[in-house]
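Participant: Take the position in the sequence shown, starting the count at 1, then add 4; the result is the number in this note's numbering.
Note that these hints are calculated values from the structure, not bench results. From the three backbone atoms N, C-alpha and C, an ideal C-beta is built for every residue, glycine too. Honestly, I wouldn't trust all of these hints.
Below, computed lysine-lysine pairings styled on DSS-like, alpha-carbon distance capped at 30 angstroms [as the list claims (entries may be wrong)]:
| id | residue 1 | residue 2 |
| --- | --- | --- |
| 1 | LYS267 | LYS305 |
| 2 | LYS267 | LYS231 |
| 3 | LYS170 | LYS267 |
| 4 | LYS293 | LYS305 |
| 5 | LYS115 | LYS88 |
| 6 | LYS293 | LYS267 |
| 7 | LYS170 | LYS293 |
| 8 | LYS231 | LYS293 |
| 9 | LYS115 | LYS37 |
| 10 | LYS231 | LYS115 |
| 11 | LYS115 | LYS170 |
| 12 | LYS231 | LYS170 |
| 13 | LYS305 | LYS231 |
| 14 | LYS88 | LYS37 |
What follows is a set of in silico ranges between Cβ atoms, one per label pair, in the way DEER data are often shown [what the hints assert, rightly or not]:
| id | residue 1 | residue 2 | range |
| --- | --- | --- | --- |
| 15 | ALA334 | ALA98 | 47 to 57 angstroms |
| 16 | GLN277 | ASP43 | 56 to 66 angstroms |
| 17 | ARG296 | SER51 | 20 to 30 angstroms |
| 18 | ASP43 | ASN70 | 16 to 26 angstroms |
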Amino acid sequence: MKTLMFILTGLVSWQAHALQVTVTIPPLAAMVKPYLTPDDTLTVLLSPGASPHGFQFRPSHLTALNEADLILTVGSGIDRWADKAIRQMMAERAASADDKTPTPVWVVMQKQPGLAVLPKRATADGGDAHQHGHEAHDAHDSHGHEETETQENQIHGDAQTVAPLKMDGHTWLSVHNAGLMIEAIGEAIATLKPQEAERIRAQQETNLVALAEADQAIQTQLASVEKVPYLVLHDAFQYFEKRYHLNNQGAIQVSAEVKPSVKRVLALRQRIQSNGIQCVFKEPQFSDKQLRYITRGLDVKIGELDPLGRNQSHQSYPEFIQGLAMQYRACLE
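Taking the hints into account, I'd like the entire structure generated from these sequences.
Facilitator: Below you can see the structure in the form of structure tokens.
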């Protein structure tokens, strides 16, 4: 089992009790849910279907952090908005720690050994303006809209050394990375519930087998559409696309806040026609106004991809990743 790296302030003797688990985004909820018992409580800070852009803490969110035994974050731009609140809460809990209010375990997925991190693609459409727009958007909302042209073996090799602002933060969309995250979560819960360690480790193995089976099923499911060209609203899916050899021809959105220029609209419309684009994917977290404006009157299908998952309260991670594959296939076949 790979070494678990998490932030643990103080050495606490944990007694068997119902866990309070707080996670930042829905895919992490999908990873942890199979480990939990009916007595445990799971809180997701980012609601399914909501955008991490401009996230605002509500009192209920702060309560969930303050009462948590276990906190799970990605640790990239996707949920960097949570770091300050978590650190402040951890410091306050540590200062007043006693047997009744131990400091929680904070597991940062981005810190797991062996995690494969891809740098962002230099461009998604061959233009420096797009690169500049992405960097400006990243700085504005701390949400990693990052991309790269990297070989597939990086997904399954050692973790890449990438500067935080140059990395693609959607690391949970790699099945390799998801396996490491599932292992780390199992190790953390076994630490918190030592009396249930045997059950938790058995569940961990079950989760990893289910993930491997989902990976194989997706390879078969998408084999017939891997050459079909398409565009995405914003470039969030390269981990998934590289694993399954999909033919992404670029991203519509330079920035969620910037309306595309007439020149860019014409260039994208020309690309859709000249490259035989079959589908353009929108996302539920963002307005599709730009996308529909650009594709108006063109013979192209509109699909939807959800990198965060709308139904995570009901899904396991393998179900989430298979659902994403079904979204691809529904528009590309």
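Participant: Hint by hint, say whether it matches the structure.
Facilitator: Against the structure, the hints come out as follows:
Between the alpha carbons of LYS267 and LYS305 the distance comes to roughly 23 angstroms, so the proposed pair stays at or under 30 angstroms and holds. Taking the CA atoms of LYS267 and LYS231, the gap is near 28 angstroms; set against the 30 angstroms cutoff, the hint holds. Of the supplied pair hints, the one linking LYS170 and LYS267 holds, its CA atoms being roughly 27 angstroms apart against a limit of 30 angstroms. Restraint check: the Cα-Cα separation between LYS293 and LYS305 comes to about 15 angstroms, which is no more than 30 angstroms; the hinted pair holds.
Using a Cα cut-off of 30 angstroms, the hinted pair LYS115 and LYS88 holds, with the two alpha carbons roughly 17 angstroms apart. For the proposed pair LYS293 and LYS267, the alpha carbon gap of about 17 angstroms is at most 30 angstroms, so the pair holds. At roughly 28 angstroms between alpha-carbon atoms, LYS170 and LYS293 fall within 30 angstroms of each other, so this suggested pair holds. The suggested pairing of LYS231 with LYS293 holds, with an alpha-carbon distance near 27 angstroms, which does not exceed 30 angstroms.
Among the hinted pairs, LYS115 with LYS37 is consistent with the structure: their alpha-carbon atoms are about 21 angstroms apart, no more than 30 angstroms. With a C-alpha separation of about 34 angstroms, the suggested pair LYS231 and LYS115 falls outside the 30 angstroms cut-off, and the hint is violated. Of the pairs offered as hints, the one joining LYS115 and LYS170 holds, with about 16 angstroms between alpha carbons and a cut-off of 30 angstroms not exceeded. Annotation: proposed proximity of LYS231 to LYS170 holds, straight-line Cα distance about 28 angstroms (limit 30 angstroms).
For a cut-off of 30 angstroms, the pair hint linking LYS305 to LYS231 stands: about 16 angstroms separates their Cα positions. A threshold of 30 angstroms between alpha carbons decides the hint, and for LYS88 with LYS37 the separation of about 25 angstroms falls inside it, so the pair holds. Our hint of 47 to 57 angstroms for ALA334 and ALA98 holds, since their Cβ atoms are close to 49 angstroms apart. In this structure, GLN277 and ASP43 meet the distance hint of 56 to 66 angstroms, their C-beta atoms being roughly 57 angstroms apart.
For ARG296 and SER51, the hinted distance range of 20 to 30 angstroms is satisfied, since their beta carbons lie about 24 angstroms from each other. Between ASP43 and ASN70 the beta carbon distance is about 20 angstroms. The supplied range of 16 to 26 angstroms therefore holds.
Checked against the numbered hints listed earlier, the structure breaks hint 10 alone; every other hint is satisfied.
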